[in-house]
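Asks: Residues per chain are reported as follows:
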Amino acid sequence: MLSNITIGQYFPGNSILHRLDPRVKVLLLFFFLIEIFLFSNAVAYGIFSAVAFALMLLSGIPLGMLLRSLKPLWWIILFTFVIHLFSNPGTPIAKFWWFTLTWEGIRMGCFISLRLVLLILMSSLLTFTTSPLKLTDALESLLSPFRRFGLPAHELAMMMTIALRFIPTLIEETDKIMKAQQSRGADFTTGNVMKRLRNMVPILVPLFLSAFRRADELAMAMEARCYRGGVGRTQMKSLKTGGVDYLAIAGFVLLTVSLLGIKVLA
Amino acid sequence: MAFIKVENLTHIYHPGTPQESVALDKVNLSIEAGEFVAVLGTNGSGKSTLARHLNGLLLPTEGRCFIRGLDTCNEQELWQIRQQIGMVFQNPDNQLIAAVVEDDVAFGPENLGMDPQEIRAKVNASLQAVNMAKYRTFAPHLLSGGQKQRIAIAGALAMDTDCLVLDEPTAMLDPQGREEVLRTVQKLHEERGITIVYITHFMEEASVADRIVVMDKGQVAADGTPREIFADVPGMKKCGLDVPLAVEVVWQLRHQGIKLPEDILTEDELVEALEAYTCQSN
Ligand SMILES: Nc1ncnc2c1ncn2[C@@H]1O[C@H](COP(=O)(O)OP(=O)(O)OP(=O)(O)O)[C@@H](O)[C@H]1O
Ligand SMILES: [Mg+2]
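As given, the protein sequences belong to chains R and L, one line each in that order.
Under our numbering, the first residue of the first sequence carries the number 1, and numbering increases by one thereafter.
Under our numbering, the first residue of the second sequence carries the number 267, and numbering increases by one thereafter.
Hints listed in this document are in silico derivations from the structure and should not be mistaken for laboratory results.
Yeah, the Cβ is synthetic: ideal placement off N, Cα and C, and Gly gets one too.
Just to be clear, a hint being listed does not mean it is correct.
Said to hold, decoys possible - Taking lysine-lysine pairs in the DSS-like style, the calculated list, with each CA pair at most 27 Å apart, reads:
| id | chain 1 | residue 1 | chain 2 | residue 2 |
| --- | --- | --- | --- | --- |
| 1 | L | Lys400 | R | Lys134 |
| 2 | R | Lys240 | R | Lys134 |
| 3 | R | Lys134 | R | Lys71 |
| 4 | L | Lys483 | L | Lys292 |
| 5 | L | Lys453 | L | Lys483 |
| 6 | L | Lys400 | R | Lys240 |
| 7 | R | Lys179 | R | Lys195 |
| 8 | L | Lys503 | R | Lys237 |
| 9 | L | Lys503 | L | Lys483 |
What the hints assert, rightly or not - Per the computed footprint, the stretches of chain R lying under chain L, defined by three or more beta-carbons under 8 Å from a beta-carbon of chain L, are:
| id | segment |
| --- | --- |
| 10 | 156-165 |
| 11 | 220-233 |
| 12 | 236-247 |
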């Protein structure tokens, strides 16, 4: 019943995007998203869309799959679009009731929706081409400079690793407990919200108890294997920045420079 | 110098509270390098408590515990001890840490600060040693119980451990998984001379060891070779333990006056002895 839940949406492959250092990917994505918000002229949006499309093709991931990641946010995009259509003062085209449709509104609506679409597509491109484990490593590495200010970078990453390890196990366990309760006549599918919530209690209590027991045993197993926090620890799969990464960074710098150029000229 | 030396070890859980319980009571034990020792005992006899003292997961209330002369009470020596003593616990699900098999095996060496190439080599060699190299990139939840326990063993091997302490590693496994794990442990003992401390409830598993230590109420009740230990059927029963089926049958038959040799341990030996006996009496 619960077994079809997958964590993240990693799509294994061997494209250039897959091979990039995850840290470089995260940083470039971060700056790319900032630029989407900074440059808002038509040419810039054309370039952004072209880049996004090129990267999607490069990733080797079926386009349909990438586009499907837009689905959960489809309504929000539509809503934002409609709001902008009517909320911008400018040259009126038509009037519905109290609302005035303006040229500026259409322009703005298109921009904002495109912005959202690009944001979602580029972010999912990251999660599609980077395994959750690599993302965790990247997170640890990128956050480690902030350790100086008390940010527990290693601990956060370790928590994510353990979560990734145990989510499937806990899902299996939930499934088992639900089946056990159902076989004794428990009902999770009918009744109003309150009743269903109340019926969840017999699942959650054993699940929590077992999760605590697991945590206890896991802590012991980690200690037995010489775990003593992030100090002095090395990594088998240390992240390496190579040729492809410098190429990607160079490409990004080029993009930024040309966007600045266009902005200055316009 | 003995590899493991336990001197006058007493452990009391929650001392000074109403839940106070004496789990180990003046235990003395010494295990040589390269021995295969099975530890038997009923529930609550203190086996796990003893095992956890061997690498400093628990510290003695009284007495001392030495590994190659290193004292588990000495904080500076603790990491060296944990590197030498690999632990495998009962529940296969709660001792694998990483979401991919090879990352999990790498966990110990990473903690020891080895360099990446060395870790990679150790991980490959350890997975090979437990015959799990094929499953390098699997997620642990896709493996069977026996396979998970073998990964846990590989995780210890990757730290270059000299001794494996296994606390009922087969208790939650099906017969096939039990067989896999025991075979792997035996192989590591024979081929690499790794010292084994194997806690179990299964008499058949204990009978493959060089030596059996029987725990009862926090004390060592008996200590000897499997033949010696199982020969004392009344003594075993007093500790609440059974003996292997063949031993039980021989014991009952000898009581009926049927003269079978006393030191029979396995079912094969029993069959042989019975054949010899019937030939003789015809
Ligand atoms: N964390 C704890 N707190 C309090 N008492 C404990 C704790 N762990 C064990 N004990 C007690 O110590 C005694 C020995 O327990 P231990 O777990 O060592 O036995 P065991 O031989 O491993 O048993 P089993 O075969 O059930 O694993 C038992 O009486 C138990 O109740
Ligand atoms: Mg135990």
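Asks: Could you run down the list of hints and mark each one as holding or not?
Replies: Evaluation of the provided hints:
For the suggested pair lysine 400 of chain L and lysine 134 of chain R, the alpha carbons sit about 22 Å apart, so the restraint of at most 27 Å is met. Among the hinted pairs, lysine 240 of chain R with lysine 134 of chain R is consistent with the structure: their alpha-carbon atoms are about 12 Å apart, no more than 27 Å. For the given pair, lysine 134 of chain R sits about 26 Å from lysine 71 of chain R by alpha-carbon distance, which is consistent with the 27 Å threshold. Taken as a hint, the lysine 483 of chain L and lysine 292 of chain L pair is honoured in the structure, with Cα atoms around 11 Å apart against an allowance of 27 Å.
For the hint pairing lysine 453 of chain L with lysine 483 of chain L, the CA-to-CA distance comes to about 32 Å; that exceeds 27 Å, so the pair is violated. Of the pairs offered as hints, the one joining lysine 400 of chain L and lysine 240 of chain R holds, with about 26 Å between alpha carbons and a cut-off of 27 Å not exceeded. The hinted pair formed by lysine 179 of chain R and lysine 195 of chain R meets the criterion: a straight-line CA distance of about 18 Å does not exceed 27 Å. Restraint check: the Cα-Cα separation between lysine 503 of chain L and lysine 237 of chain R comes to about 53 Å, which exceeds 27 Å; the hinted pair is violated.
With a C-alpha separation of about 14 Å, the suggested pair lysine 503 of chain L and lysine 483 of chain L falls inside the 27 Å cut-off, and the hint holds. Chain L is given as covering the segment 156-165 of chain R, and this holds because 4 residues of the stretch bring a CB closer than 8 Å to a CB of that chain, at least three being needed. For the segment 220-233 of chain R, the stated coverage by chain L holds: 11 residues have a C-beta nearer than 8 Å to a C-beta of that chain, and at least 3 were required. For a cut-off of 8 Å, the count of residues in the segment 236-247 of chain R with a CB near a CB of chain L stands at 3, and the three-residue condition holds.
In this structure, the hints that do not hold are numbers 5 and 8, in rising order.
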